[in-house]
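Colleague: Chain by chain, the residues run as shown.
2 protein chains.
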Amino acid sequence: MNWKAIFRIQGVLLIVLSISMLFPLAFAIYYRSDDIEELSLSILISLVIGILFTLIFKSDKPLRPREGFIIVSMGWIFAALFGSLPFLFYGVFGNNYIDCFFETMSGFTTTGATVLTDIGILPKGILFWRSFTHWLGGMGIIMLTIAILPILGLSSNQLYKAEVPGPTKDKISPKIKDTAKILWYIYIGMTVLETVLLMIGKMSFFDALCHTFGTLATGGFSTSNKSVAGFNSLYIEIVILIFMYLAGTNFILHFFLIKGKFKDFFNNHEWRFYTLGLIIASLLLSLNIYFSNLYDSFSTCLRYASFQVVSITTTTGFVTADFELWPYFSKIALIILMFMGGCSGSTGGSMKQIRVMVSLKFALNEIKKLTYPRAFFSLKIGKETFGDFVIKNIVAFFILFVSIFVLTTLFLSFQGYDIVTSFSASIATLGNIGPGLSKVGAVENYAFFDNASKLVLSFNMLIGRLEIYSVLILIYTLFNPKKLH
Amino acid sequence: MNWKAIFRIQGVLLIVLSISMLFPLAFAIYYRSDDIEELSLSILISLVIGILFTLIFKSDKPLRPREGFIIVSMGWIFAALFGSLPFLFYGVFGNNYIDCFFETMSGFTTTGATVLTDIGILPKGILFWRSFTHWLGGMGIIMLTIAILPILGLSSNQLYKAEVPGPTKDKISPKIKDTAKILWYIYIGMTVLETVLLMIGKMSFFDALCHTFGTLATGGFSTSNKSVAGFNSLYIEIVILIFMYLAGTNFILHFFLIKGKFKDFFNNHEWRFYTLGLIIASLLLSLNIYFSNLYDSFSTCLRYASFQVVSITTTTGFVTADFELWPYFSKIALIILMFMGGCSGSTGGSMKQIRVMVSLKFALNEIKKLTYPRAFFSLKIGKETFGDFVIKNIVAFFILFVSIFVLTTLFLSFQGYDIVTSFSASIATLGNIGPGLSKVGAVENYAFFDNASKLVLSFNMLIGRLEIYSVLILIYTLFNPKKLH
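For the protein sequence lines, the chains are A and B, in the order given. So for the first sequence, this note's numbering puts the first residue at 1; every next one is plus one. So for the second sequence, this note's numbering puts the first residue at 1; every next one is plus one.
Hints were generated in silico from the structure; no laboratory data involved. You may find that some hints are simply not true.
As the list claims (entries may be wrong) - Per label pair, the in silico range of CB-to-CB distance:
#1 B:Leu-22 - A:Pro-373: 54 to 60 Å
#2 B:Ile-56 - A:Ser-297: 58 to 64 Å
#3 B:Asp-34 - A:Gly-416: 48 to 54 Å
#4 B:Lys-261 - A:Phe-376: 38 to 44 Å
#5 B:Ser-299 - A:Leu-287: 52 to 58 Å
#6 B:Ser-299 - A:Gln-415: 22 to 28 Å
#7 A:Phe-291 - B:Met-1: 40 to 46 Å
#8 B:Leu-325 - A:Ser-59: 58 to 64 Å
#9 A:Leu-52 - B:Gly-382: 46 to 52 Å
To be verified - Simulated pairs of lysine-lysine, DSSO-like, Cα-Cα distance not exceeding 27 Å:
#10 B:Lys-259 - B:Lys-383
#11 B:Lys-4 - A:Lys-369
#12 B:Lys-361 - A:Lys-4
#13 B:Lys-4 - A:Lys-368
#14 A:Lys-361 - B:Lys-361
#15 A:Lys-368 - B:Lys-61
Predicted model only: the values in this text are computed from it and were never measured. Ideal placement from N, C-alpha and C gives every residue a C-beta, glycine not left out.
Construct all of the structure, not just a fragment, from the sequences and the given hints.
Modeller: And the structure:
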């Protein structure tokens with residue numbers, strides 16, 4: 001294992017991180033809030049350690065896929081470790097560093113689960129940083145999509161195919177940079193657009209920007225204790241709903257849209273499955289809460305149900321209604337949607353729509369195979385045929401995802417938390433959603449958990465965000481040092 | 001599809017069923033209970049319809065695997081339909097036929113979930129029939145193990161291998177009969193042994209026999225409203241615990257034991273995993289309930305924890321303590337054990353230990369593959385290497401099992417049942433266990449469910465008992481009539 005190269009890149013990342021912290025510093029200076037010193041100190045520490053890393057660790061060897069996985073996992077851990085310094089220095093959580101780490105990991109993994117009981121106590125600089133970690137994390141995910149997902153077979157090859165007919169291996173490396181650029185432009189463009197639209201809805205520039213970060217990264221951190229409900233504006237809810245939906249869509253499809261390739265857009269079966277699922281779930285939940293007489297009109301039910309369905313499915317976690325009060329069916333449906341997550345190539349987390357589709361289709365194919373043992377059934381989604389390598393990877397992901405969900409649930413119940421809290425906190429972190437049910441419900445937070453649980457849940461967010469494999473490969477490598485070569 | 005042959009075999013089965021009902025009739029006559037007429041009528045109806053079926057449907061064509069699956073599924077449905085007649089005629093559940101069907105399906109699938117609120121009201125003949133359906137179901141499962149499992153790759157080939165070196169295809173057909181005979185002898189032998197041992201513990205012959213049926217089929221129907229707790233005897237608990245454990249073990253291993261092939265026995269990795277799992281789970285739960293000060297001594301905790309762990313894992317469902325009162329960790333652990341189930345080739349239900357082992361190993365192998373893309377990792381359990389065909393089948397089973405569990409949970413929550421009741425009733429029926437948590441907890445029953453839910457849960461028991469595929473192939477065939485050929 002080329003550890004030198006791995007640590008060198010961590011150094012570069014820390015330098016980028018320290019530069020990123022200049023933005024919250026600027027806000028702190030503008031608003032004259034009392035966190036200027038703390039932010040400056042965090043910037044300095046990250047910068048110095050980052051530079052030290054790049055000076056100490058040098059390597060020219062080319063990187064192999066497994067090193068790519070490890071760089072990504074460690075990258076997120078380093079970002080959370082150093083990104084939490086402003087919280088620590090300001091004493092947001094007293095001297096509990098684990099709370100700082102949890103909050104920052106929740107930010108960078110775009111989960112949005114918070115251990116803050118009152119957001120109002122945060123000074124503007126740190127409040128901005130908290131939301132900005134979402135946006136940076138989302139940008140990282142887009143990079144991940146391009147660099148890691150092709151190895152898992154869930155590739156963004158579609159974009160290459162769309163641009164260059166038959167790319168050769170040599171061409172891929174510069175192509176990755178181009179792809180990244182295009183997707184980042186889309187990400188930044190959508191950021192500007194949503195911020196402006198929210199400001200039209202009479203949000204302040206600061207709030208609009210922070211909520212945009214939370215939306216596009218499918219994060220969910222708000223500047224209000226009541227989340228989006230705090231703004232009490234149908235217009236704002238609709239803007240955020242639309243952008244959550246867009247953030248949960250494959251970004252390559254946005255590129256198709258911009259290029260006017262509507263056919264490529266509408267022919268994407270994952271997008272169809274995702275969109276149809278959202279519509280059906282919204283209608284079912286609207287009816288379910290309508291008939292339980294929770295709100296006065298069906299339109300109100302539709303408003304709350306659709307927002308919560310889109311927010312949970314895209315793994316954003318913004319809240320406009322306390323779904324803890326909803327009937328059991330709606331709550332179970334939301335839990336199931338938590339497992340689905342966004343589309344591949346989106347900033348959404350959890351299993352992802354395509355993996356659910358492939359897993360179910362694979363299982364149903366087995367029934368056909370047993371019925372007609374001599375026939376051959378290939379696994380097709382739209383026009384794309386999935387090969388054995390990719391199917392196995394996806395199905396193994398399904399099993400690993402469920403297993404980690406079960407283990408975390410078991411751990412939390414061991415710590416004494418009730419059954420619904422345990423399993424919903426488990427999926428809400430593993431799927432990078434944020435809110436769950438019971439004690440981690442819509443209007444609750446994660447502050448009451450003990451430190452061990454907070455660490456496990458932080459780790460859960462990391463595993464979920466990095467497509468499980470990245471983190472498990474790191475663990476596997478660390479526990480099998482003999483095989484390192 | 002050779003429907004004539006399929007219905008002809010159902011006719012034979014109905015004749016066998018009517019003959020089986022002579023046993024409860026004998027008990028009814030012996031005890032002079034008031035259900036002699038009802039049993040006689042049930043016998044007559046089953047016999048007449050059975051004979052009619054064999055006269056009407058005639059076919060000489062050889063059967064194909066898919067017809068085998070359909071025969072099995074329909075066999076259990078017919079058995080439940082006609083086996084419920086004594087309950088109906090006696091009016092055990094007033095005139096609610098669905099309750100009768102649920103109770104009988106629960107018996108034949110060896111689930112042990114009951115809709116009876118007071119077992120005491122049953123006359124001896126019908127009470128015996130209720131437990132006897134377990135024993136018949138268990139016998140059917142052994143047949144299934146030999147006939148169906150080899151098609152899924154989870155074969156009882158080990159027995160052929162042990163007996164005949166290198167069997168040719170022609171030899172398998174007579175061999176199946178021999179295997180079936182051996183395993184049935186073991187089943188009957190264990191029945192005699194447990195009945196005698198329970199009678200030594202001062203159980204009446206009637207109660208001993210009924211509890212033996214419930215144990216060896218991993219069923220769980222008791223003759224006492226308090227289940228095994230009603231006998232309040234450590235000796236009886238230990239006897240039942242041991243036989244539950246044996247019933248959850250692969251019956252081929254019992255054959256090895258009898259033949260003195262101890263090495264073959266102890267080298268079975270599924271058995272090791274199963275046994276080790278039971279020991280660890282028993283100890284963990286003992287400690288968990290000990291530290292929550294529920295019982296006065298650790299030995300009492302060990303007594304209750306080990307019985308409940310073995311009962312739930314083997315999918316029997318006998319109860320000696322109200323685990324609804326246990327801490328959350330113990331309850332979640334029991335739910336996880338419900339998914340594990342017995343060994344392959346046992347009468348135990350649910351996913352089965354070997355499937356859990358293979359699924360997890362398969363998923364972990366994918367991590368290794370991604371770390372070392374050029375290396376080849378085969379999936380081995382002990383000395384046995386699992387091929388692609390079997391792995392895919394097992395993994396698809398995992399996905400289907402989880403999917404059906406989720407769908408049933410969603411349905412029950414839609415009917416208005418709380419989250420814990422919904423998901424525990426779902427797995428308790430799909431895994432053929434019986435008791436779950438909350439409203440279907442240790443000392444509760446399934447009587448309060450509405451009729452639609454009872455039907456869905458009956459169907460769940462059937463799907464779980466017949467290794468999912470059998471039932472889904474039936475459904476697939478019925479909904480794709482064009483492809484019938």
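Colleague: Taking the CB of Leu-325 (chain B) and the CB of Ser-59 (chain A), does the distance hold inside 58 to 64 Å?
Modeller: holds, 59 Å
Colleague: Verify the CB-CB distance for Leu-22 (chain B) and Pro-373 (chain A) against the hinted window 54 to 60 Å.
Modeller: violated, 40 Å
Colleague: Would you say the C-beta atoms of Leu-52 (chain A) and Gly-382 (chain B) sit inside 46 to 52 Å of each other?
Modeller: This hint holds: roughly 51 Å between Cβ atoms.
Colleague: Does Lys-61 (chain B) lie within 27 Å of Lys-368 (chain A) when you go C-alpha to C-alpha?
Modeller: holds, 22 Å
Colleague: Using the beta carbons of Asp-34 (chain B) and Gly-416 (chain A), state whether their distance is inside 48 to 54 Å or not.
Modeller: This hint holds: roughly 52 Å between Cβ atoms.
Colleague: Just to be sure I understand the hint, the distance between the Cβ atoms of Lys-261 (chain B) and Phe-376 (chain A) should be within 38 to 44 Å; is that true here?
Modeller: holds, 41 Å
Colleague: Check the following: the C-beta atoms of Ser-299 (chain B) and Leu-287 (chain A) are separated by a distance inside 52 to 58 Å.
Modeller: holds, 54 Å
Colleague: Checking one constraint from the list: CA of Lys-361 (chain B) to CA of Lys-4 (chain A), max 27 Å. Satisfied?
Modeller: Status violated; Cα separation ~32 Å.
Colleague: Compare the distance between the alpha carbons of Lys-361 (chain A) and Lys-361 (chain B) with 27 Å, and conclude whether the hinted pair is satisfied.
Modeller: holds, 22 Å
Colleague: Between Ser-299 (chain B) and Gln-415 (chain A), does the C-beta distance stay in 22 to 28 Å?
Modeller: The hint (22 to 28 Å, Cβ to Cβ) holds, given that Ser-299 (chain B) and Gln-415 (chain A) are roughly 27 Å apart.
Colleague: Assess, step by step, whether the Cα of Lys-4 (chain B) is no farther than 27 Å from the Cα of Lys-368 (chain A), and give holds or violated.
Modeller: Holds: Lys-4 (chain B) and Lys-368 (chain A) sit about 22 Å apart, inside 27 Å.
Colleague: Taking 27 Å as the top limit, are the C-alpha atoms of Lys-4 (chain B) and Lys-369 (chain A) close enough?
Modeller: holds, 23 Å
The structure is inconsistent with the numbered hints 1 and 12, although it conforms to all the rest.
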